[in-house]
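Protein sequences, first through last, are from chains Y and Z.
Just so you know, we're using this note's numbering here: the first sequence kicks off at 4 and counts up by one.
Just so you know, we're using this note's numbering here: the second sequence kicks off at 4 and counts up by one.
It should be emphasised that the hints constitute simulated quantities derived from the structure, not laboratory data.
As the structure is a computational prediction, the values presented were derived from the model and not from experiment.
Please note: incorrect hints may appear among the correct ones.
Copies of the same chain look alike in the list, so a pair counts if it fits in one copy or across any two.
[What the hints assert, rightly or not] The calculated DSSO-like cross-link candidates involving lysine-lysine, where the alpha carbons are at most 27 Å apart (straight line), are:
id: 1; residue 1: K509; residue 2: K577
id: 2; residue 1: K577; residue 2: K486
id: 3; residue 1: K577; residue 2: K508
id: 4; residue 1: K79; residue 2: K50
id: 5; residue 1: K61; residue 2: K50
id: 6; residue 1: K577; residue 2: K499
id: 7; residue 1: K74; residue 2: K7
id: 8; residue 1: K334; residue 2: K509
id: 9; residue 1: K86; residue 2: K74
id: 10; residue 1: K237; residue 2: K86
id: 11; residue 1: K155; residue 2: K462
id: 12; residue 1: K330; residue 2: K509
Number of protein chains: 2
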Amino acid sequence: MAEKFVSRRNIDFMINEVFDVASLNRFPYFEDHNEETFKMILDTAMKISTDMMYPYFKDMDVNPPHWEDGKVHCHKAIVPFLKEMGEGGWIQCEKPYDVGGQQLPLTVKEMAYFLFGAANYSMHVYPMLTAGAANLIYQFGTQEMKDMYLEKMYSGIWQGTMALTEPDVGSSLADLTTIAEPTDQGYYMIRGQKIFISAGNSDLADNVIHLLIAKLKDGPLGVPGISLFIVPEKRINENGELEDNDVQCGGIEHKLGYKGSPICQLTFGDEKNCRGWLVGELGKGLAQMFKMMNEERINIGIGAISKISGAYYAALEYAQQRKQGRKPDQKDPATPMVELIEHADIKRMLLFQKAVMEGSLALAIQLSLYQDLVTVGENAEENEMLVDFLIPILKTYPSEMGILATSAAIQVLGGYGFCGDFPVEQYYRDIRIDPIHEGTTGIQGQDILGRKVSMKKGKAFELYINEVERTIAEAKAYPELEKQISALESAVQLMKDLTAELLGKKAQITNEAFLADAVLYLDFMSQIAIAWQWLKLMTVSVKALKGQLTDQDKGFYQGKIYTGRYFYDYELTKIHSLAIRLRSEDRVTVEMTREYFED
Amino acid sequence: MAEKFVSRRNIDFMINEVFDVASLNRFPYFEDHNEETFKMILDTAMKISTDMMYPYFKDMDVNPPHWEDGKVHCHKAIVPFLKEMGEGGWIQCEKPYDVGGQQLPLTVKEMAYFLFGAANYSMHVYPMLTAGAANLIYQFGTQEMKDMYLEKMYSGIWQGTMALTEPDVGSSLADLTTIAEPTDQGYYMIRGQKIFISAGNSDLADNVIHLLIAKLKDGPLGVPGISLFIVPEKRINENGELEDNDVQCGGIEHKLGYKGSPICQLTFGDEKNCRGWLVGELGKGLAQMFKMMNEERINIGIGAISKISGAYYAALEYAQQRKQGRKPDQKDPATPMVELIEHADIKRMLLFQKAVMEGSLALAIQLSLYQDLVTVGENAEENEMLVDFLIPILKTYPSEMGILATSAAIQVLGGYGFCGDFPVEQYYRDIRIDPIHEGTTGIQGQDILGRKVSMKKGKAFELYINEVERTIAEAKAYPELEKQISALESAVQLMKDLTAELLGKKAQITNEAFLADAVLYLDFMSQIAIAWQWLKLMTVSVKALKGQLTDQDKGFYQGKIYTGRYFYDYELTKIHSLAIRLRSEDRVTVEMTREYFED
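Just need the whole structure built from these sequences, with the hints factored in.
Below you can see the structure in the form of structure tokens.
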């Protein structure tokens, strides 16, 4: 196993030097926090990651949960971790003091979650999902519900899930078939099947609280018929005891990666004795669930970045130690071999991973910071629009590019990368779920092109452009960055032009044709968003390099500048090819028919 | 499991309609072959694939070989398959009649191997490697060696391997440490370790014949010191009996995919009793091994294409059957859901897989056909240059793009794609070895930019351009192809200009800087080579569509035209971004230092 899976120092650089997250303490909500409290919290998170999580990264993959007699049996290393999560308040740390939270900026919570994800994502997912489910109750539940569930969930004693997917319903959620039938007892009778429910059953928690969407019996078709329910695995009877709520786990999936977390098939109400309690308004189920979904999409993006980080540091460590061959200008076989990291092509692959990982991490912090401003009501409407606009990018870019980044990590190790003795092949398997769950890449593409760019008459897009232009303006103080500034200025212009062209054509073509290349558009937008963040990182680093620095610090900031140079030359340039296709009038993917696939 | 893993019809289309392989019977060597014999052979290969191989595709993954008491125990389904391979003459079918071959065009053999690889690559690899090892003996061995080994290897009773990699020597073969010490008995004493040796030990074969490279004791450093040896697991004593040759298997690797084939750690001469017999000339080991390596690189490329094929047909079948959502212009939730294949983004992902797979397959046939012309001495020098020039492309493009193609297959299936119940996740794992073994992508990049484009004063490159231009000239009879013709003409011009620029700069920069982006150059060249093949496929299809056709045939040819349109718009366009980077003077991957990676 590699020693390092994450750079603690880089997180400090990001939250202090680049984003100055501590300045949030100008708002009363965050007034107790500062760089010192952040450091304490992140040091603790690092210790948990290193001591309780990473040692089980491989073991949880090799010994995944198994299903027996209706129950999922999980790895025992998760027990002390969940206890720590509960006792340390990690599940609700961003919440107000009065509900047991620590009023921590989401930005800092997300960085702790990033550490957890890099150390052992399959372990991290248990508290992460509980946090998401609890948040739905926190936001939309009655006081009674909050009293009944939140404390147990925050303490890690009860697990939470989101139960959306069904055997025949994946991306098309409005077609779900799980039924909720009203009673006059204040609850609904639930009946249906859900699949792919992460941590949907386990022997670790006393109870599992499903936040489930179901269709009201005889209710309207589609979205307006869907409501959100709390469906506990065990319900609380009048004596305050837990009793069976007719939720059965019929098995778990055997899967490519992400093996430490059981993905469950669940049956609700097989014996007509499953009760659910409506959360929020009837018919608002999807809208409410999407509150949680947005949060989960941020978590998925950050989880993907964390896996890239784990694979990158394993590849870096290997490249620093393993000797192989000589530089191309050294032909003498009597000279000693050099470490892999001396080879330009190896450095190219490492720079790729570093560029994707750190650029995405900056975007994640940027987005979380907007969210923190929403929390305290600072330009809340604008900041919320920025969050909404950037979510499909943060969800997708690290998930999709993570396939290639972890693949590059394998390639750095060569044959050893393909073997189970090194962790990179597991990161490669683990990350492959990220472009699928919580909204596929196709769904994210439709979101940005079909909704986000034209949302509120293009206001969100406009705000985003202002943000990028502000970064460019700040960078202009440093002539060293002229090349990148000019590339980003052209890219922004191309983004404006291309988006206007696409939206301009929209009225003349079908919606199908308009959205056919939405995934390419999302890729195009993502490259620019990551370039924006890299200009920010480079600017801070150029500035830092003008001061008195140790050699180590100099190396650190130079590393940022070189990686930014890499990103602009090798990655951002991809927008030009994407733009050629996005401008093409050949609607081949629309016109292709199913018959033409026959052969 | 999906029903289909390959299109038999498409192979007939390729070898008959596109490449007219049967016209090879104008040469005496191939005079007994025609479309009918090809059909019989390929039908038999299809039956073997369907009946003996594909049924064990998953089972061999779930129940991989295990190592116990120095022996590797393999899946028993391989036994009847190896018998069939031996009895059917599949290992040496391209060889002359007088050594038991069938004088079959390599082109047709490769298509049979393509079928085997798609059905179960891990099973296919046993005879494939034996064929490669036997070929080395066939080409460079003495008559005595041929008599001793070939019949047993051709009959599948003895397994063959190529033993190159060592614990500290991967890509840098010239640094190997396995030692061969001459004796006065006509053999050498071999001592050393090899790792990652596919099928290097098993309970399936009576003997394993290693074609091993080793350094002559006290010989010169580097390449001139390396020779090729036959090192059998069991040597034949004076009584014609097999006796132990001091070759031990110390274990096998647990790996990401390709699990059905054991990858062995081997120790030679631990008890100072391992004999090896020199093959060919002393000091020519690497050059001779590269004869076999070229063949294996073709096999790796074709193997990668076959895995893309298996994943593609599984994804296609799923998309044809699974209903999900509605088209973007249909908002009414009361209308029925449509099959996935009706969605443009799903079609885009399927077209991507089909375009990569069929374009690569055409290139594989093209290259094999050049090789068949070499065999009969038809413009042998030119055709051999074309083979050499195209090998790095055929090895790499399907291997690297196959990661994305099989990933797209997973994405088509969504959550199910991530699960072991469907075959796509296995193809995704299996294909990941292909950019690594038999020369990594980095090695292939250096090969094309560092050697092939300037080989024989650029003659190979020139011949290649002539071939592409001939295809363009033929396509010009069809105005329907105007867009693609013009795109390929521009691409060829860009290829000439860019290559001249890069070679022009070579004298002013270090070799390291010259080769730093060799992998990007290879990608650039590959896109154009595949576009060349697609223009060929489109031309044949446009022509066919002018005749009287059944609806099914019309669909088949239309499918080619749409897939070609897809390739030109979505894939070939990538060369423009690549060219931007390839022209950049920012040598960031060279200048980046190991210190700057520290953080």
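Hints versus structure:
Taking identical chains as interchangeable, the C-alpha atoms of K509 and K577 lie at most 27 Å apart whether they share a chain (24 Å) or sit on different chains (25 Å). Within a single copy, K577 and K486 get their C-alpha atoms as close as 16 Å, and across copies as close as 22 Å, so both meet the 27 Å cut-off. In this homomeric assembly, K577 and K508 come within 27 Å of each other (Cα to Cα) both inside a single copy, at 23 Å, and across copies, at 24 Å. Taking the shortest Cα distances, K79 and K50 sit within 27 Å of each other inside one copy (19 Å), while across copies they are farther apart (48 Å).
In the homo-oligomer, the alpha carbons of K61 and K50 lie at most 27 Å apart inside one protomer (18 Å), although the nearest pairing across protomers, at 41 Å, exceeds that limit. Taking the closest pair of Cα atoms, K577 and K499 come within 27 Å of each other both inside a single copy (17 Å) and across two copies (21 Å). With identical chains, the CA atoms of K74 and K7 are never at most 27 Å apart, being 35 Å at best within one copy and 36 Å at best between copies. In this assembly of identical chains, K334 and K509 lie within 27 Å of each other by CA distance solely across copies; the values are 17 Å between and 59 Å within a copy.
Taking identical chains as interchangeable, the C-alpha atoms of K86 and K74 lie at most 27 Å apart only when both belong to the same chain, with a minimum of 21 Å there against 46 Å between chains. In this assembly of identical chains, the alpha carbons of K237 and K86 lie at most 27 Å apart only when taken from the same copy (20 Å versus 58 Å across copies). In this assembly of identical chains, the alpha carbons of K155 and K462 never lie at most 27 Å apart, being 41 Å within a copy and 75 Å across copies at closest. Taking the closest pair of Cα atoms, K330 and K509 come within 27 Å of each other only across two copies (16 Å); inside a single copy the shortest separation is 53 Å, beyond that limit.
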